[in-house]
Amino acid sequence: MQERVQNAEAAEFKVIGTRPIRPDGVDKVTGRARFGADYNLPGQLIGKVLRSPHPHARIKRIDTSKAEKLPGVKAIVTSADFPDQPSEFVPAGELLINYRDLVRNIMAREKVLYEGHAVAAVAATSASIAKQALKLIEVEYEVLPHVIDVDEAMRPDAPLLHEDMITAGVDPAPNTPSNIAKRVEFGRGDVAKGFAEADVIIEREFKTKPVHQGYIEPHACLANVSEDGQAELWVTTQGQWVVRAHCARLLGWDVSKIRVTATEIGGGFGGKTVVYLEPVALALAAKAKRPVKMVMTRDEVFRATGPTSGASMKVKIGAKRDGRITAAEALLKYQAGAFQGSPIGPGAMSAFAPYDLENVRTVGYDVVTNRPKVAAYRAPGAPISEFAVESVIDEVAKAIGMDPIDFRLKNAAKEGTRAAYGPKFGPIGLIECLEAAKAHPHWSAPLGPNQGRGAASGFWFNVGGETTVQLQLNEDGTFNLVAGTPDIGGLRASLCMMAAEELGIEPSRIRALIGDTASLGYNFLTGGSRSTFSGGMAVVEAARQVIAQACARAAKLWELPVDAVTFEDGKVKPAGDNAGKHEPLGFADLGRLAGKTGGPIVGNASITAHGAAPSFGVHIADVEVDPETGRISVLRYTAIQDAGRAIHPSYVEGQYQGGAAQGIGWALNEEYIYGEDGRLQNASFLDYRMPVASDLPMIDTVIIEVPNPRHPYGVRGVGETPIVPPLAAIANAVENATGLRFTELPMSPPRVLAAIEAARARGDKNLKV
Amino acid sequence: MAKHHIAFTVNGDPVEVLCETQQTLLDVLRDELELTGTKEGCGTGDCGACSVVVDGRLICSCLMLGVEANGKSVETIEGMGRGEELHPLQRKFLEHAALQCGICTPGFLVAAKALLDRNPNPTETEVRYWLAGNLCRCTGYDKIVRAVMDAAAEMRRA
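Going down the list, the sequences are from chains A and B.
Read in our numbering, the first sequence has 429 at position 429, and its numbers run on one by one without any break.
Read in our numbering, the second sequence has 137 at position 137, and its numbers run on one by one without any break.
Calculated from the structure, these hints are not laboratory results.
There's no promise every hint is true.
To be verified - Computed list of chain A residues with no C-beta within reach of chain B, every gap over 12 Å: (1) Glu12; (2) Pro71; (3) Ser519; (4) Ala555.
Claimed, not checked - Lysine-lysine pairs mimicking DSS-like chemistry, simulated, CA-CA at most 30 Å apart: (5) Lys72(B) - Lys289(A); (6) Lys287(A) - Lys424(A); (7) Lys193(A) - Lys320(A); (8) Lys410(A) - Lys314(A); (9) Lys314(A) - Lys131(A); (10) Lys193(A) - Lys209(A); (11) Lys556(A) - Lys571(A); (12) Lys66(A) - Lys111(A); (13) Lys66(A) - Lys3(B); (14) Lys3(B) - Lys69(A); (15) Lys287(A) - Lys135(A); (16) Lys209(A) - Lys316(A); (17) Lys257(A) - Lys289(A); (18) Lys3(B) - Lys438(A); (19) Lys3(B) - Lys135(A).
To be verified - If you want the footprint, here are the derived chain A segments under chain B, 3+ residues with CB under 8 Å: (20) 488-498; (21) 647-654; (22) 687-694.
These numbers were taken from a predicted model, which means no experiment stands behind them.
Glycine is no exception: its CB is placed at the ideal position from the N, C-alpha and C atoms.
Let the sequences and hints guide you as you build the complete structure.
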């Protein structure tokens, strides 16, 4: 069941809040839509990557001479084809990227740092020849000891990934290198004093495993470079401008030489905000002077892209018996993979964001290990830290005998609350979400044997950023809307709807396209739940420019001053004393007359969107635990979240449902499993177990609308928050069902069964199954 | 090695291709016949994005060799609509917003049609288990299942 809790003013809208068919829909149900691997050029070569079999090794020698001689091989690249880069951090999605690291991640230089690390790449006339050539490349490795676990990597005697890594954020700076890239700390007040005032203190340690974004479409691109260095790239990405910037930098080419077209994208979830194949394909194409197509296998996607961090954490919360939290503290250690840059910053900042706290402290560490470098994954870092916090919150509520939602309400952040990470919140909808959860029939429905119910809150910041949108009036009164953020889940529909609302026309009169990097001004990527927020802001501005131009043209035709005309219901009309003196002019008239009245009518908004507002959510989960097998079934699920305003409610619900499903997978089954040899053992969709249709119930949603005052339509980003609450909501439900608190994810059947059997063996009185 | 000459029908039309021994039916459809509506998500039969129907049977085209298609009848997403009209499943997927990124959608539609061809009145559980071989990472399946149930209901009325 899907519900909306609307404010009264929403009723004024004609288009916003309705559910039209998305403009790119037919292409996607007929197989017409072209994704990354669906592009081909005449004479194209196939590129393949040679990857390291070792988790950690020094590269002594690479000999490509035999491979070069294989008929059909047209180009080979290694790290020697990419200039080295200085250490410099630049924004990449919601995380930072360091080009010294990135150039090493796309092609290993001195060392390989994880199994699957790229070592060389070949372009050949067929996939089979390219694969054959990879086998002819000789790489001599000096195998080094590796470290996979975050706690082990932090030990002083751990094998070092980077011999020059000195922990940042520690004063005075350490004298010796370590695998700890960075320490961060947030908080305020006096935590010791707060804990001293508490009646109840709960402290728990938690562990989570790295999980992959799991987009169904593997990374893919097609590169073409001419003799004079003009390059074209078709790629599945969350941001074509960001790909262009990275490739230009890594190849030492001018930005203007590279034109990037974002293909339809088969899911990203943050994982397609960085580059892997793209600079390699361009380098191969430049060398071979022929187009080069590269597509990863699923095995490569698992071993060499994403995932997000696994973590080791400790959370301590103290409260008075009356339900007021007196102090909260978290220690978070996040794996970054082979290069620094885990989402420890946002993880640490979001940990206690749903609470109004006087005394709070969060310390985080960014730790390198011999695993693939992590990439952003939907609300990067937040699901991990908030899993730990929301689990302890539940325990504290239980310890003081308070309903867990009432306990959250008693301590909830609201407008004016100073967030644990610093800024003061504007209008936010957490209390509305908690109250909706409490009032929801789900929260009070009866439960059967071996069943339990849990709830958890979640928070994400959301971002704005550079955005360009163009709105072109066509000669027949229809419009083209060109945006620059790839549409992953209905963006074109939402942008058309906001434009249509402004212009007073039907959304079907507007054709939305995603432009390439040569057709629009710069756009930051689709990420940070920003595309409907920022794109909407730009669309509204572009539409208002169109309306202003339309009014000016009509005024010119009627020989009236501009302020003597008005725009209403999609038409320009004479106003005031002149009302009714001329027939209103619609866009069909204005489009037809545009050339004669001053030229094409085009709105072009190039903005940096500010005013992104956080979105809070509360999820309720019911589970049933099978005491014989340890399998946990999700019986019922409700996702409640503040959308600010839902432009197209179906796609807002879709974000809530999809995020919930990913979070459920994270909680119950998904994990990277490594052997002692440092090699990934489950690099396939068979063994990396994402939820399938038979694993899930319907996912009910409640859209809360507390408008964001800084957006023309009140929009908040909604895409990321939904993955935050499920981990703890499920863990809290499992505790409610079994009497056992699971502090380690995933709660997979073997782990659950072992815990139940151990509890039975020790005669644990809490055990309920 | 010499390529193999194979002849089969795709969506009723006769086709002939030369393919390498190790090429899968998926490779043949996508790379030789340029029918890119059928997607590759894993290449190991785990995600269902490459679902097609061969001689009436729903299969993962990444698990069948191209040479095995010789003489057979293959149905893909490109053949699903009837002329200018969308298949009810395609229409219901749009009406229910049962797709976000859309990469899994062709596979889901082909698989769902194979279900409704056999069982015009499936329960929610039957739909969920039949589609358990198709991975979607965006939707949480809710709207997909609703779209399939709604399409089935409409097709029963027709």
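Q. Quick check: which numbered hints come out false for this structure?
A. 5, 6, 9, 10, 18
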